[in-house]
Amino acid sequence: VVGDRPLAGVESEGSQTCAALAAELTAPAGKTIEYWILLGEGEDRREAEQFVDAHRSRESIDAAYAEATGFWTDLFDGFSIDTPSQPLNLMVNGWLPYQNLACRIWGRSAYYQSGGAYGYRDQLQDSSAFTLLSPEITRRQILRHAERQFVEGDVLHWWHPPVGAGIRTRFSDDLLWLPLLTAEYAEATGDQQIWRETRPYLQAPLLEPGQAERFLIPENSDERGDVYEHCCRAIDRSLDVGAHGLPLMGTGDWNDGMNRIGQGGKGESVWMGFFLSTILQKFIPVCRRFEDHDRANRYEQHRLQLESALNEGGWDGQWYRRAYYDDGAPVGSARSEECQIDALAQAWAVLSGAAPADRAEMAVQSVLERLVSTEERMIKLLDPPFHRCAHDPGYIKGYLPGVRENGGQYTHGVLWFVRALGEMGRGTLACELLEMLTPVRHGDSPEMVAKYQAEPYVVAADVYGVEPHVGRAGWTWYTGSAGWMVRVATETLLGLKLDQGERLRIAPAIAADWPHCRVSYRLDDGRTRYEISIANPHRREDGVTSATLDGQPIEVVDGGGNVPLLRDGQLHTVEITL
Numbered sequence: 310v311v312g313d314r315p316l317a318g319v320e321s322e323g324s325q326t327c328a329a330l331a332a333e334l335t336a337p338a339g340k341t342i343e344y345w346i347l348l349g350e351g352e353d354r355r356e357a358e359q360f361v362d363a364h365r366s367r368e369s370i371d372a373a374y375a376e377a378t379g380f381w382t383d384l385f386d387g388f389s390i391d392t393p394s395q396p397l398n399l400m401v402n403g404w405l406p407y408q409n410l411a412c413r414i415w416g417r418s419a420y421y422q423s424g425g426a427y428g429y430r431d432q433l434q435d436s437s438a439f440t441l442l443s444p445e446i447t448r449r450q451i452l453r454h455a456e457r458q459f460v461e462g463d464v465l466h467w468w469h470p471p472v473g474a475g476i477r478t479r480f481s482d483d484l485l486w487l488p489l490l491t492a493e494y495a496e497a498t499g500d501q502q503i504w505r506e507t508r509p510y511l512q513a514p515l516l517e518p519g520q521a522e523r524f525l526i527p528e529n530s531d532e533r534g535d536v537y538e539h540c541c542r543a544i545d546r547s548l549d550v551g552a553h554g555l556p557l558m559g560t561g562d563w564n565d566g567m568n569r570i571g572q573g574g575k576g577e578s579v580w581m582g583f584f585l586s587t588i589l590q591k592f593i594p595v596c597r598r599f600e601d602h603d604r605a606n607r608y609e610q611h612r613l614q615l616e617s618a619l620n621e622g623g624w625d626g627q628w629y630r631r632a633y634y635d636d637g638a639p640v641g642s643a644r645s646e647e648c649q650i651d652a653l654a655q656a657w658a659v660l661s662g663a664a665p666a667d668r669a670e671m672a673v674q675s676v677l678e679r680l681v682s683t684e685e686r687m688i689k690l691l692d693p694p695f696h697r698c699a700h701d702p703g704y705i706k707g708y709l710p711g712v713r714e715n716g717g718q719y720t721h722g723v724l725w726f727v728r729a730l731g732e733m734g735r736g737t738l739a740c741e742l743l744e745m746l747t748p749v750r751h752g753d754s755p756e757m758v759a760k761y762q763a764e765p766y767v768v769a770a771d772v773y774g775v776e777p778h779v780g781r782a783g784w785t786w787y788t789g790s791a792g793w794m795v796r797v798a799t800e801t802l803l804g805l806k807l808d809q810g811e812r813l814r815i816a817p818a819i820a821a822d823w824p825h826c827r828v829s830y831r832l833d834d835g836r837t838r839y840e841i842s843i844a845n846p847h848r849r850e851d852g853v854t855s856a857t858l859d860g861q862p863i864e865v866v867d868g869g870g871n872v873p874l875l876r877d878g879q880l881h882t883v884e885i886t887l
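Quick note: this note's numbering has the sequence shown finishing at residue 887, numbered continuously throughout.
Straight-line C-alpha distance at most 27 Å; calculated DSS-like pairs for lysine-lysine:
1) Lys706 to Lys760
2) Lys806 to Lys591
3) Lys706 to Lys575
What the hints contain is simulated information worked out from the structure, not anything from laboratory work.
When you get a sec, could you build the whole thing from the sequences and use the hints?
Laid out in structure tokens, this is it:
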């Protein structure tokens, strides 16, 4: 309500402005009027006017509103949970899928990062959170990203549609998310046809020696390959190792800010070793499925060599190191001046299975002691932050100590630590920490709201770890944390994983004091529903002891129930007991 003051009509750049519309309304005394506001876009004025004309009646507006809300209602109806953790219920049953799809996959933009580009590693990971709920979203994203790979095997770090302008870089991890997430998708859904979908490769000038990146508009080459070939080309390009037998860092791995650790071509990434080991484990069976035995054997040999190198050159005594500079100096060592420990390497040491059990326990305990603060409700990515060390790790050092990746909580990365706890069977701690990471828990009191200063319903990319702003949220909405929080809650804590689209494996890792939880899951046929009940009468953290489908016993293997999926349009009940 602006009264009799007209809007100024000011246009400006670089200042805090907003778009505003005003209209005169006259409401008779004691009467109620209805007023509709249309917000939309058209390719040109003519199309915009057509949209306006199509929505001039109450009926057309109601229909459009019903269509929009109906989409989300139907999507959320496909999967819901009911656990003793109300923050997790609130986030998983609506807010996280909404944040992930609307902001990350559709908009690719938000208040703090208004870009619109596709990130190669970014939207691939985001889409993987929909494998259970809406697998066609995952499939579509895999095929979109396969088209953004160069004939040499590397990929665009990010690109803008529709012309595809983006940057070619030396990041070491981007290209590997394609084989990892495609293998996970195919294993979950049973969609083996995706491997034979063909897509073109890109062509563009190569980076010059010493050149870290180049902005360009690539062209489609005459060469095409199926998705399996695209994935193999990505892996084959990533097998070079450095002096310690570990993958080369390039100009950054998952942590973009560590972009100068390996800029000379010799730096190595310990995390990349665990990451690549995980990928090879999942991809070798794919090679054998296609009778590509020579490649499978070569990958298996490399995986074994990598595992040995990780435990020789990667181990620091109490935890795993993070990387090695070009000159061989370690990052993430107790002897390091700064960044003595990094949560990422410890999490993936567990997730990859490459760490022996005793070392996995030590690494996890080190994170709990040095990086987790239940008082501040945060998990730091690394500690101590980069500040004055002689080496230059990259632009991460340009952040204030304790901000973003540089010693703050970088939520995307630390969620993998929570996942690792669940994989180890430490369900109580995993549930506690995952609930702690939800934005809901940062709104428990007026004092916490004043400290956090962000929305309580979307995940923040980062939380500051430096005084006087400890516990303050950084940017929100546009973060890969949304998708991974869904995956950790559903796949790790509740233990729900599809198997070839024919079975649902249920192997929970929950808090010992959770007596009961429920899951409602609609299959991809849109008609068949499974109501799943998980009972925990003996206060266990993991290990299924019995399982039934519609009252009949079903198979329990390795601590999990294997539930057959019957696409018959009926309602089925599953009882799981720990």
